[in-house]
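Fit chain B to the given chain A structure using the hints.
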Amino acid sequence: MKVEVVNLKKHFGATRAVDDVSFAFSSGQVVGFVGPNGAGKTTTMRILATLDEPTAGDALIDGASVVEEPERARHLVGYVPDSLPTHRDMSVHDYLDFFARAYSLKGTHREQIVASVEEFTNLAGIRDKMLVALSKGMKQRVSLARALLHDPPVLIMDEPAAGLDPRARVELRELLRVLSSQGKAILISSHILTELAEICHAAVIIEHGRLLMAGAMGDLLTNNVPQRTVLIRVLGRHEELYRELLQTPGVEKANLIGEEVAAEINGTEEACYDLLAALVQRGYRIIEFKQQRANLEEIFMTVTKGAVQ
Amino acid sequence: MTAESALRETSVRSSLSDRLNPIVVKELRQAVQSRFVIAALMTLLAIQLVAIGIYLLTSGDSLLNFDAGRGVFLMLFSILQGVSMLFVPLYTAVRLAAERSDTNVDLLFITTIKPRSIVAGKMTAAVVLTVLIFSACMPFMAFTYFLRGIDLPSIFISLALGFIVVIACAQAAVFVACLPVNRAFKVIFGIIGLVLFGMVYFATMAGVSGLIVGGIGSRIGASDFWQGAVILLVVIGSLTGLFFVLSVSLIMPLASNRALPVRLYVTAAWLLIGAAALIYSEVEDNHVPVTVWQVMFNLAFAVALFVAVSERDRLGRRVLRAVPQSPVKRAWSFFFFSGAASGLAWAAAMIGLTLAMTWLWAELYPSRNGAGDLVGSAKWLGGMCLYFFCYALSGALLRRHLLNRVGAGLTWLIGAILLSLGSIVPVLFGYLIFFGDQWWSEDHGKWLVGNPFAWSNKSHRVFYASVAGVWAVMAAALSLRWFIARVKSFKPLNARTGSLAEDDDE
Numbered sequence: 061m062k063v064e065v066v067n068l069k070k071h072f073g074a075t076r077a078v079d080d081v082s083f084a085f086s087s088g089q090v091v092g093f094v095g096p097n098g099a100g101k102t103t104t105m106r107i108l109a110t111l112d113e114p115t116a117g118d119a120l121i122d123g124a125s126v127v128e129e130p131e132r133a134r135h136l137v138g139y140v141p142d143s144l145p146t147h148r149d150m151s152v153h154d155y156l157d158f159f160a161r162a163y164s165l166k167g168t169h170r171e172q173i174v175a176s177v178e179e180f181t182n183l184a185g186i187r188d189k190m191l192v193a194l195s196k197g198m199k200q201r202v203s204l205a206r207a208l209l210h211d212p213p214v215l216i217m218d219e220p221a222a223g224l225d226p227r228a229r230v231e232l233r234e235l236l237r238v239l240s241s242q243g244k245a246i247l248i249s250s251h252i253l254t255e256l257a258e259i260c261h262a263a264v265i266i267e268h269g270r271l272l273m274a275g276a277m278g279d280l281l282t283n284n285v286p287q288r289t290v291l292i293r294v295l296g297r298h299e300e301l302y303r304e305l306l307q308t309p310g311v312e313k314a315n316l317i318g319e320e321v322a323a324e325i326n327g328t329e330e331a332c333y334d335l336l337a338a339l340v341q342r343g344y345r346i347i348e349f350k351q352q353r354a355n356l357e358e359i360f361m362t363v364t365k366g367a368v369q
Numbered sequence: 102m103t104a105e106s107a108l109r110e111t112s113v114r115s116s117l118s119d120r121l122n123p124i125v126v127k128e129l130r131q132a133v134q135s136r137f138v139i140a141a142l143m144t145l146l147a148i149q150l151v152a153i154g155i156y157l158l159t160s161g162d163s164l165l166n167f168d169a170g171r172g173v174f175l176m177l178f179s180i181l182q183g184v185s186m187l188f189v190p191l192y193t194a195v196r197l198a199a200e201r202s203d204t205n206v207d208l209l210f211i212t213t214i215k216p217r218s219i220v221a222g223k224m225t226a227a228v229v230l231t232v233l234i235f236s237a238c239m240p241f242m243a244f245t246y247f248l249r250g251i252d253l254p255s256i257f258i259s260l261a262l263g264f265i266v267v268i269a270c271a272q273a274a275v276f277v278a279c280l281p282v283n284r285a286f287k288v289i290f291g292i293i294g295l296v297l298f299g300m301v302y303f304a305t306m307a308g309v310s311g312l313i314v315g316g317i318g319s320r321i322g323a324s325d326f327w328q329g330a331v332i333l334l335v336v337i338g339s340l341t342g343l344f345f346v347l348s349v350s351l352i353m354p355l356a357s358n359r360a361l362p363v364r365l366y367v368t369a370a371w372l373l374i375g376a377a378a379l380i381y382s383e384v385e386d387n388h389v390p391v392t393v394w395q396v397m398f399n400l401a402f403a404v405a406l407f408v409a410v411s412e413r414d415r416l417g418r419r420v421l422r423a424v425p426q427s428p429v430k431r432a433w434s435f436f437f438f439s440g441a442a443s444g445l446a447w448a449a450a451m452i453g454l455t456l457a458m459t460w461l462w463a464e465l466y467p468s469r470n471g472a473g474d475l476v477g478s479a480k481w482l483g484g485m486c487l488y489f490f491c492y493a494l495s496g497a498l499l500r501r502h503l504l505n506r507v508g509a510g511l512t513w514l515i516g517a518i519l520l521s522l523g524s525i526v527p528v529l530f531g532y533l534i535f536f537g538d539q540w541w542s543e544d545h546g547k548w549l550v551g552n553p554f555a556w557s558n559k560s561h562r563v564f565y566a567s568v569a570g571v572w573a574v575m576a577a578a579l580s581l582r583w584f585i586a587r588v589k590s591f592k593p594l595n596a597r598t599g600s601l602a603e604d605d606d607e
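Sequences listed follow chains A and B, in order.
The first sequence runs 61 to 369 under the numbering used here.
The second sequence runs 102 to 607 under the numbering used here.
Next comes chain A alone, as it looks inside the complex (with noise of 0.2 Å):
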């Protein structure tokens, strides 16, 4: 199973809300969809779904075109949207039953696939409560579980963690888990970087619905800062080295802190490396050496500009 997306374009008159994105994840993956509010990721995932029809390109889910094949290609993704199920008079499991039966499944089927859901998603306490009732955490796992009931191999997350409390987010993420465990294909956006950070295997970034960097995350962590920061502890001597630091060529700015040096970099891993064989050479007696990987959010401050559509 694979989900590819080939220079996809959305105009909206003069607005380009996507302009030729493309990026591809496969089954078992879940990848990080970031970008500033009006990036394009949801107009993406809209098409996605197959509830929006691009100008130009394509999303090939599985093979199936979401502008050819639209019906095959819905029938492999779960949409969560951005907004919650506000139904009045609605219980969590008629709301479930309500979607099982729109999707077709059928008698005693239907009724171990929603139970079945509602395990997963540890609504079966709550499965007699109102819509209205519930907190947005519980919401939340509503429109999951509405997501899963045609067991879609490919899952697409809009902000599913927007507005949910510190508890509610860690169940999330550890349902999330599970389902890459079970090998759906996931695309997730947030706004919570750190979070996303420690559940994706890869990341999209875009801005001006153009994609600005696309990849494995330790590749991202890694290959696409400008400056890296190594921190150095030395036998004796350290005062010495943060001195001579300062005047190495490559080395940005150094930072003494205690005994430890901090030194920015620029440059590749290999700079590091020849860093560290230089000043073994120079007879410091090393007992760590440490690269300080970036984090997603300071990728994502240093590649995007902030900028609204």
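Keep in mind that the hints were calculated from the coordinates and are not lab data.
Just so it is clear, CB atoms sit at the ideal spot from N, CA and C, and this is done for glycine as well.
A couple of the hints might just be wrong.
Per the computed footprint, the stretches of chain A lying under chain B, defined by three or more beta-carbons under 8 Å from a beta-carbon of chain B, are [stated by the list, open to error]:
(1) 132-142
(2) 158-166
Calculated lysine to aspartate or glutamate pairs in the DMTMM-like style (CA-CA distance at most 20 Å, straight line) [what the hints assert, rightly or not]:
(3) Lys196/A / Glu200/B
(4) Lys199/A / Asp207/B
(5) Lys592/B / Glu129/A
(6) Lys62/A / Asp211/A
(7) Lys166/A / Glu129/A
The following block gives chain B in isolation, referenced to the frame of chain A:
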């Protein structure tokens, strides 16, 4: 009950439940859980009980009259009809409008439910609710029979008429709820709808009173009664059907051929009602049915011209998937696809066909009763449609070339502004400059040029027609390149290359 029969019953119930439209199941579950529904039903029953009690307690000797049952029935019917016409449409429409305002309808589109099933489900639930209300009140209604002065056919036919009117109103309300406008506009349309419902209520009450006073039982064998009943049913049925397909079309996703159900329905209704009108005209030896048919449909097609120019200019790729490969089929299907060019072509063709059929019928039977009215109304409506064509096309030209920041969906508004200006400005100009102290004379009628509804002024018709004709030719000539480009681009998806260059307007 044995275990086997209990199991069989459960299985039958489950199978029946599976066959039901999910929207119906959901709506009825919500209605059962809704305090509002229960409260409305109980209040209605209480009012009926109190009303009948007060009547019986206060009427004294008048109960011995032979018309007591009639009076009580009309009183109860007015309460039932009033409450049903207010409650059922309002309840159905408000629920739908609330669901449409969030992503719920979107979520349904990614299930196997079709937009048609959504509207049909809402309407079925409205029917069930109305049946519930009417059956709850039925004992009170039937009781009036024992008070004398009313026969059972009168009771049941009146209730049937009331029921049909409530369902038609519910469908109209669903249409308003489906309109893609903001809440403020919905409230405005809702208020207009309520006023119209009030008028329908009084018309229904007048009709039912007339029927009850005359007694339906005595007329039930007469052909006149059934003729009237069939005509009434056809009119209410056609309007309800139109509102149904319009509602379906409005909730269909943007990336679909939204025009198809509406155009197919109107074309089929035009054909069937037209055929019935011709037969009726032949049987009655009178042109009135054909006159009514041509007026009714030309008015509808004139409005359709404004709707057409407000449709999206280019078709999406999903819609193009359905374009037939065969050139002959493609030529026919062009008229039934979404898009401004297709809509204009369909509406203009239907106006042309209606006028041609009317002219042919008048030529075939020139001495039949009502021939003058048939020809006169056709000329009037023909002229009106020509002006509507000019205004709609000019609005579209303006939007494309000068006001291209305005979305295609608002082209009707530009056309309507032009129509208002064209109707008012010439006559105002004439009044200020030329009318002098003689504010109106027959000769001043020429200043009504530009007003599509001024065709009753026979002495200036040639002038009006000449201006409209020249204008229509100019507007059509200026739109020709655009129209040809749209016809050329009407090809199946696999016959096209590259992406769609045009931006989405919606």
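Status of the hints after comparison with the structure:
1. 132-142: With 4 residues close enough to chain B, the hint holds.
2. 158-166: holds (count 7)
3. Lys196/A / Glu200/B: holds (19 Å)
4. Lys199/A / Asp207/B: holds (18 Å)
5. Lys592/B / Glu129/A: Holds. Lys592/B to Glu129/A sits at ~18 Å (cutoff 20 Å).
6. Lys62/A / Asp211/A: Roughly 16 Å between the alpha carbons, so the hint for Lys62/A and Asp211/A holds.
7. Lys166/A / Glu129/A: Distance of about 25 Å is beyond 20 Å: violated.
Consistency with the previously given hints fails for number 7 only.
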